[in-house]
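Asker: Top line first, the protein sequences correspond to chains A and B. Residues 445 to 789 (my numbering) make up the first sequence, in order. Residues 5 to 399 (my numbering) make up the second sequence, in order.
The hints are simulated quantities; they were obtained by calculation from the structure and are not laboratory data. Ideal Cβ placement from N, Cα and C applies to all residues, glycine included. Keep in mind that a hint or two might mislead.
Unchecked claim - To spell it out: a stretch of chain B is covered by chain A in this simulated footprint if at least three of its residues, at any positions, have a beta carbon under 8 angstroms from a beta carbon of chain A; those stretches are:
id: 1; segment: 114-123
id: 2; segment: 176-188
id: 3; segment: 318-326
id: 4; segment: 343-350
Unchecked claim - Just the calculated beta-carbon pair ranges, DEER-fashion:
id: 5; chain 1: B; residue 1: P224; chain 2: A; residue 2: T492; range: 50 to 60 angstroms
id: 6; chain 1: B; residue 1: T267; chain 2: A; residue 2: K645; range: 10 to 20 angstroms
id: 7; chain 1: A; residue 1: R629; chain 2: B; residue 2: I168; range: 45 to 55 angstroms
id: 8; chain 1: A; residue 1: T521; chain 2: B; residue 2: E70; range: 36 to 46 angstroms
What the hints assert, rightly or not - Anything over 10 angstroms on all C-beta distances counts as not near chain A; from chain B, calculated:
id: 9; residue: L88
id: 10; residue: G101
id: 11; residue: L239
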Amino acid sequence: MRRTLALAVAAAIATAVAEPATARDLTIVSWGGAYQDAQRQVYFQPFTQATGIRIVEDTWDGGIGVLRTRAQAGNQTWDLVQVESEELLLGCDEGLFEKIDWARIGGKDHYIPQAVHECGVGAILYNVVLAWDRNRLQATPTWADFFDVQRIPGKRGLRRGVKLTLEIALLADGVPRDQVYALLRTEAGVERAFRKLDTIKPHIVWWQAGAQPPQMLGAGEVVMTSAYNGRITNANRTEGRNFGIQWRDSLFTIDSWVIMKGSPNRDAAYRFLDFAKDPRRQASLLPLIPYGGTARGANEGLSADLLAVSPSNPDNLNVSLMIDDAFWMDHLDRLSQRFNAWLAR
Amino acid sequence: MVGRARVRLEAALLLAPLLLFIALTFAAPIAAMLWRGVSDAEVRQAFPRTLTALADWDGRNLPGDEAFAALAEDLLAARAAGTLNAAAGRLNSDTPGLRTVVFATARRLARGVEGSPRAAILTADPAWGEVETWGAFRRAGATPTDTHLLAALDLRRSADGTIIAVPEEQRLFRAVALRTVWIGLLVTLLCLLLGYPLAAALVFAPRRLFGLLLFAVLLPFWTSLIVRTAAWMVLLAREGVINQAFLAVGLVVEPVQMLFTRTAVLIAMVHILLPFMVLPLYAVMRQIPRAQLRAAASLGAGPVAQVVRVWLPQTLPGVGAGALMVFIQAIGFYVTPALIGGGADQMLPYFIGFYATQTVNWGLAAALSILLLVGTLLILALFGRFLGLAQFRAA
């Protein structure tokens with residue numbers, strides 16, 4: 445999230461200035477940019493209208509250090525914060541967040557199971573998908589095709605880094621989604637992933653920023669690439685591109701709402717979460733920005749156009765694999781080193 | 005006498021703000037960063053009792069009960085103080101999985117210790133029954149430490165302290181260091197081949213052409229490095245300007261892959277660094293009196309002899325200075341290879357950035373910085389030894 449959305453600090457400040465904050469106002473912190481603009485329209489403003497509870501917005505760039513410092517400072521000025529899955533795990537371990545009282549926000553069964561965590565309520569779902577330009581490639585490729593340069597010649601784009609690259613290699617090698625991480629926890633599984641990557645190594649173009657894949661597809665630099673689903677849909681919507689998204693064996697993650705420990709506005713925060721859990725409201729985010737809602741039924745009654753781009757559409761979700769952050773927290777160091785060594789050869 | 009001392013004092017006072025500025029914003033942060041390469045504060049801070057208990061552990065058998073008791077105490081204290089995460093991260097970069105072991109054990113202990121700490125810890129996670137787990141603590145707890153420096157050379161210490169090579173598939177940095185030097189040398193050589201004739205042309209050019217040539221040399225000098233790199237991306241792309249032109253004139257049948265190759269990195273780096281070669285060369289060449297060439301001719305030297313015996317030797321200080329400037333900058337290049345190079349074209353600075361920002365392993369990032377700094381200083385020393393830094397001043 446933080447990569448895509450960084451710039452609406454000004455908007456947040458403007459909001460903060462327009463409504464002078466007292467210590468009592470509910471402070472919500474999100475990723476800024478176009479995403480927070482959409483959140484304001486779908487959640488923040490309607491919430492204040494419906495309940496009279498004023499919201500002060502802030503934005504942040506992620507990083508567990510920021511949350512840790514704020515928790516230790518004692519004077520907690522953030523109440524609800526949207527965090528990435530890794531910060532959710534770390535912060536929960538360290539006791540930076542309140543434990544969620546699910547009874548106050550509709551019970552666990554109101555949400556898809558992946559969105560439920562001891563310390564966080566899933567806010568949005570988004571994926572790393574296989575994307576291609578339909579104007580150049582008529583087929584609907586899979587990861588197996590991605591690794592088959594005989595069948596579909598041309599360069600392939602992948603994010604430079606070991607995370608997700610190994611998963612993609614195993615998926616392409618025919619490993620079922622539910623066995624990918626179990627296999628990666630073994631030496632043989634890692635070996636198998638690297639051997640698979642060997643087969644297309646000279647054909648890979650490594651991207652680093654989320655903005656690159658749609659550019660590379662558009663410029664014909666690559667014939668297919670891994671990409672964030674939001675970037676691809678946005679390129680189709682705003683630049684008139686005709687990019688395809690392969691949901692099968694895509695990898696998804698969830699950003700969650702957390703309540704900072706010691707927040708004086710806990711009750712208001714729960715009221716907001718209760719307000720935000722409405723599936724219809726969550727669905728109205730999709731036309732603005734293509735991130736999936738986490739309530740069950742958030743995709744019911746959507747048009748075919750929106751269903752096709754929604755990460756939490758059951759047809760898409762059921763063929764995706766959730767990124768295992770606990771795995772990566774343990775193994776990122778060693779596997780990064782090995783990946784860098786592999787890349788340098 | 006008094007007057008001179010006063011002048012000196014005044015000069016020192018005039019310089020003081022600048023020196024202070026440099027010390028605070030440049031020297032101090034660099035020193036602090038380099039210190040990280042040989043220090044290991046996180047584990048020491050979070051596990052002081054454990055490290056004391058491990059001080060005279062042999063590294064072959066499991067440590068005694070007092071080490072387990074100290075560990076239990078440290079885990080609970082660090083968890084409460086919020087220092088556990090940094091320490092667990094540091095341990096995890098040594099031994100994958102230790103982060104989870106540390107956190108899970110701390111959580112279990114926080115629920116209450118029944119029986120001996122040893123039994124409680126071993127039940128919490130069997131990893132504590134392995135010697136290497138404790139070895140990780142000892143490796144990560146020493147200051148000054150050679151852990152990061154060894155890692156930067158693809159080496160590590162086993163639990164009993166012997167230095168061993170890391171497994172084959174984890175070896176990286178020696179190859180990267182060699183590649184960094186190799187790319188630096190290639191860029192320097194190409195800059196020299198292109199820059200030398202250009203500098204000579206500047207010296208011999210008529211007035212009007214001189215202005216134009218100098219402008220052409222300096223224009224890229226004034227343009228931002230990122231902008232020039234981005235420009236090369238546009239030019240070299242698969243559907244970029246160069247490929248389009250090649251296709252239009254029928255030079256190639258289908259677009260050539262130029263972006264994300266070593267060639268692209270060399271082209272862009274040479275373009276960016278060329279002024280640093282041309283300017284010192286020009287400065288030296290300008291000082292060679294033209295009359296010497298005429299004198300050589302009058303003594304019967306042909307054009308080749310004039311250049312080789314009179315002109316060339318006098319330009320060597322410029323060659324040395326230019327080559328040094330280009331080479332030292334080249335081995336520190338980060339953005340250009342990162343943006344237009346492929347996976348096998350990344351140099352040391354890329355990995356310094358990678359470990360500083362991606363895996364937040366500042367110790368290793370600092371150790372790699374030390375490697376680069378020491379390499380640069382060595383080259384500078386060699387240069388001073390064989391050519392003399394006075395040459396540099398002349399240029």
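Asker: Hint by hint, note whether the structure agrees.
Answerer: Hints versus structure:
1. 114-123: Since three or more residues must qualify, the claim that chain A covers the segment 114-123 of chain B is violated, with 0 doing so at under 8 angstroms.
2. 176-188: holds (count 4)
3. 318-326: violated (count 0)
4. 343-350: holds (count 4)
5. P224(B) with T492(A): 50 to 60 angstroms: holds (54 angstroms)
6. T267(B) with K645(A): 10 to 20 angstroms: holds (18 angstroms)
7. R629(A) with I168(B): 45 to 55 angstroms: violated (25 angstroms)
8. T521(A) with E70(B): 36 to 46 angstroms: holds (44 angstroms)
9. L88: Contrary to the label, L88(B) does not stay out of reach of chain A, its closest Cβ about 7 angstroms off (not over 10 angstroms).
10. G101: Not fine: 5 angstroms to the nearest Cβ puts G101(B) too close to chain A.
11. L239: holds (13 angstroms)
Hints 1, 3, 7, 9, 10, counting from the list given before, are not met by this structure.
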